[in-house]
Structure formats: structure tokens, C-alpha cells
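Listed in order, the protein sequences are those of chains A and B.
Here the working numbering is used: the first residue of the first sequence is 1, the next is one more, and so on.
Here the working numbering is used: the first residue of the second sequence is 1, the next is one more, and so on.
Among the hints, a few may not be true.
To be verified - Residues on chain A that point at chain B, a partial pick, calculated with CB under 8 Å:
1) Tyr90
2) Glu91
3) Arg104
4) Gly107
Because the hints were derived from the structure by calculation, they are not lab data.
Note that the coordinates shown come from a computational prediction; the quantities given were computed from them, not determined experimentally.
Every residue gets a Cβ at the ideal spot worked out from N, C-alpha and C, and that includes glycine.
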Amino acid sequence: MADAAFHIVDVSKRYGPRWALARLTFSLERGKSLLLTGHNGSGKTTLLKILATAMSPTLGKLTVLGHDCHEGREPIREKVGLLSHASFLYEDLTAAQNLVVLARLIGMTDGEADATADAMLTRVGLAKRRDHPVRQFSAGMRKRLAVGRLLLKRPELALLDEPFGELDPQGIGEMEKLIAELAAQGTTLVLATHLVDQGKALTTERLHLEEGRRVEARA
Amino acid sequence: MTPAETVAQAPAVTTARPVRPGLFACTVILLRKDLLLEWRTRARLNALVFFGICTLLMFSFALGANAMALREHASGYFWLAILFASVLSLSESFRVEQENHSLDGLRLAPANGRAIFLAKAIGNTVLLWGLGAVLAPLSIAVFDLRVVMSLFTLAFIMLVGSMAISAAGTFYASIASNARARDVLLPILLFPVLVPVLIAAVKATTMVFEGDPMNQMESWLTLLGSLNVIYWGLGLVLFPRIIEDL
Ligand SMILES: Nc1ncnc2c1ncn2[C@@H]1O[C@H](COP(=O)(O)OP(=O)(O)O)[C@@H](O)[C@H]1O
Ligand SMILES: [Mg+2]
Numbered sequence: 001m002a003d004a005a006f007h008i009v010d011v012s013k014r015y016g017p018r019w020a021l022a023r024l025t026f027s028l029e030r031g032k033s034l035l036l037t038g039h040n041g042s043g044k045t046t047l048l049k050i051l052a053t054a055m056s057p058t059l060g061k062l063t064v065l066g067h068d069c070h071e072g073r074e075p076i077r078e079k080v081g082l083l084s085h086a087s088f089l090y091e092d093l094t095a096a097q098n099l100v101v102l103a104r105l106i107g108m109t110d111g112e113a114d115a116t117a118d119a120m121l122t123r124v125g126l127a128k129r130r131d132h133p134v135r136q137f138s139a140g141m142r143k144r145l146a147v148g149r150l151l152l153k154r155p156e157l158a159l160l161d162e163p164f165g166e167l168d169p170q171g172i173g174e175m176e177k178l179i180a181e182l183a184a185q186g187t188t189l190v191l192a193t194h195l196v197d198q199g200k201a202l203t204t205e206r207l208h209l210e211e212g213r214r215v216e217a218r219a
Numbered sequence: 001m002t003p004a005e006t007v008a009q010a011p012a013v014t015t016a017r018p019v020r021p022g023l024f025a026c027t028v029i030l031l032r033k034d035l036l037l038e039w040r041t042r043a044r045l046n047a048l049v050f051f052g053i054c055t056l057l058m059f060s061f062a063l064g065a066n067a068m069a070l071r072e073h074a075s076g077y078f079w080l081a082i083l084f085a086s087v088l089s090l091s092e093s094f095r096v097e098q099e100n101h102s103l104d105g106l107r108l109a110p111a112n113g114r115a116i117f118l119a120k121a122i123g124n125t126v127l128l129w130g131l132g133a134v135l136a137p138l139s140i141a142v143f144d145l146r147v148v149m150s151l152f153t154l155a156f157i158m159l160v161g162s163m164a165i166s167a168a169g170t171f172y173a174s175i176a177s178n179a180r181a182r183d184v185l186l187p188i189l190l191f192p193v194l195v196p197v198l199i200a201a202v203k204a205t206t207m208v209f210e211g212d213p214m215n216q217m218e219s220w221l222t223l224l225g226s227l228n229v230i231y232w233g234l235g236l237v238l239f240p241r242i243i244e245d246l
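Sequences and hints are given; from them, build the entire structure.
Printed below as a string of C-alpha cells:
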């Protein structure tokens, strides 16, 4: 399993009395891209958060990029990027400042961080809003900036939770392009979305969840 | 130069994975971020100072025109004003992390959990100390105090007092920030733990204004120092676990 991007065995997650994931076993090879589908509440977000080590599974074993999640989460976190429902952005910092903080945290110098932040803002189409605080951004712009945050980290495994949410048609098109670029660079992708058609075009594998269990996809 | 021009000149992204900063460097990065946030929301900072001043003045109104009593209890009012204001600044410093789950963003970056604690606690220390620097001259004027010992001693007491409040406060604010009743929970958790800090800081501050005939200053400062060792030590050990296992 050394070249698996992730490998999970019997992973279960309980919130209070309710199981959001029930004995899920799955693995994904590196460089592959996975479409994760299921109705609202089927456990997609929960699975992505567990893969990102944002939360631990209640039961089960989990290896991400060759690292066991019980042997320390930092090596996993260094290589995994999560585009979440929450943007992780600071409302009162500018777009550029938000990116610079992350760039500095992953080890760039001040100069590199500034240059990379500017390059990312251009890439996600926010260069003109560089010095505007996030508080003034629309939902779609926040999404773009959150994507910039993900790209900046150049993750080996990118976990995208509803990446098309809150985007206008043009934004969806650009997002598809960015995701295709990521895949072309060899990034392993997990894409959770209810836009099955868009998702299918971008991915090679499929995992369909129903009430936290893996089932064969019908569509 | 317009942003677009800056971008045009930006060097290509390097391909090697950079080395992540260590505990100290990470703390500096996060502290800079926190201070930048404070600066960009300085209207809230002004409100904090105003709140502190109000609290201080309300105590003096409550006691009426009894100059003797006011002078005697001035240090107590001074520290209570700082303590009440600290609840506001501490919960605010975690509210900004909760807003878009930025704290998760930091954890997953990944930023060192101890560095997150240190940055928050140092940032709040700076804030409370600054507040003290505004309130101290005001207290001296309003309560008609005479500075018997040096102002340097007063500044030092304010520093160790603020440090103790901030370390314990950062720890509890991280717990309270996840609760629904966070605004009530923080003081309920924090104030009991800070009783010894309050006593020691008030005693030491009183001596700055009334002299120290019994040579007690050193023991009160030692107590404050020990409390700091405990709070900062516990914070460094426990805080990373608290933010991980939510
Ligand atoms: N923090 C939480 N506390 C309690 N229940 C939760 C929490 N997060 C998710 N759930 C529950 O877990 C189930 C799966 O949720 P989620 O993973 O968000 O599904 P999806 O992303 O597929 O819509 C749902 O039934 C949801 O109500
Ligand atoms: Mg979801």
C-alpha cells in the first residue's frame, strides 16, 4: 500500500448517537482522481475532514500518503490540501495577507511569500482585489481565494469539498480548468460534488455514499 | 506600481518543498498575523481602551467622593478594569479564528499548536500591557496617587500580571470559543483561576503607591512569577490537545 494516496479500513465516525460514516473501506492510488458523491448528509464532508486529519475517525484505520494518522498528523498535513465549506480566511486581512500568512507557515521567506501570493491571486482572478479585506468579498470571491490558498500549498493530495458551490457559470468553468490542471500535474484528487456530470468529466474513480456506507453508484 | 505589474515581475513558484518554520519562527509568524489583525481592526481596540477607562471611572463613581478610600483601593480598581477588559480581548482573539474556521486552517497548514498558543498569549499580553499603560497614568490622576517606588517597577508588575492573565485566558478562551454560551463561559472559567494573580498584582501595585515598609514586594513578585510558570507551562502542554480533539 506504499503507493496509495490513502487507504482506509473500516473507518467509522459517530456524532453523538448518529453514525455519519459506517465501516468504510476504500483506497485510492496516487495520481488518480476520485469523484465522491452522495446525498446531503451522506458523509462526504466527514470523510474529507478525516482524510485531511481535521478530525479523527471514531473507529478504523487510516493511512494517508504513506503516513499512519495515529503516528502524527503533521507529515500528512504538510502534503494534503483541503478546500472546505469553511474558507479558513481571516475576514479582516486582505486577500494578499491571507495568502502570505499561509505561505510563511509552510516555510517561504517574506519575499517568496509575497511573490507567490501575487502569482496565486492572478491565477484565481483576484489580482485587482489584492489589497481588499475579505470582509468585502462575495461568496464566489471567497471561494476563489480559498482555492488560491489550496494551490499555494501545492498539495500531493487535494480534497475538494463542493468546489463548484457559490460560483457563477464562468467561475465553474475556471474551477474545472484549475482542477484539470491540478490533475495534469499529478496531484491526487478527491472531488465531492453533487454536480455529477462536471465531476465525472474530471475524475477517473467513483465512490458513492449513502448514509455513510459505500454503495454502487446508479448514475 | 499596480498589482498586475507586480505579478508580471513575480518569480516563478519554486518547486522544492520549503522547510517548515520551527517553534520560534512559527510563533513570530502567527504573532505578526495577530498584531496585524488587531491593527486592521483598531476601532475595536479603541473600544477596548474605552471600556477599560469606563470601568475604572465607574468604580470611582460608585465609591463617591471619599478620596481616602479611593486612593486606598485604586490598585484593585486598576486591575479589575484590566481583568474585565481582558475577557473582551481574549474572546475577540478567538472569535476571529472561529469566523471561517481559520483555526482549522492553521492546524492543517500545519502550524505548531504550541506556536498558536504562544502567539495568542503574547499578543494578548501586549494588548493588556498597552491597556495598563493607558490606565495607569489615568488612575494616578483620578485617584490622586503618589508614586513612591519607581514607575519601572509598576511597568514590570503590569507585565507579569498581564502575562498571567493572558496565558490562563488564552487557554480558557480556546475552550469557551467552542461553546454556545462562550461569552458567559469564559469569565466563569477564568476568574476563579485568576484570583491569586489578582491578589498578588493588587498587593504589589499598592506598594508602588504606598511604599513597602515590610519588604513584601519580592514575595508577591515571586508568586506572580510562579503563577506565570504554571499557566504558561500548562498552556503549552494542554492547548495543542484542546484544539486538536474537538
Ligand atoms: N458537527 C456535527 N455534529 C453532529 N452531526 C454532524 C456534524 N457534522 C455532520 N453531522 C452529521 O453527519 C452526517 C454526515 O454529514 P456530512 O459529512 O456533512 O454529509 P455531506 O457532506 O455528504 O452532506 C449528517 O447526518 C450530518 O447531520
Ligand atoms: Mg458536505
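Against the structure, the hints:
no., hint, in the structure
1, Tyr90, "holds (6 Å)"
2, Glu91, "holds (6 Å)"
3, Arg104, "holds (5 Å)"
4, Gly107, "holds (3 Å)"
Comparing the model with each numbered hint stated earlier shows that all of them hold.
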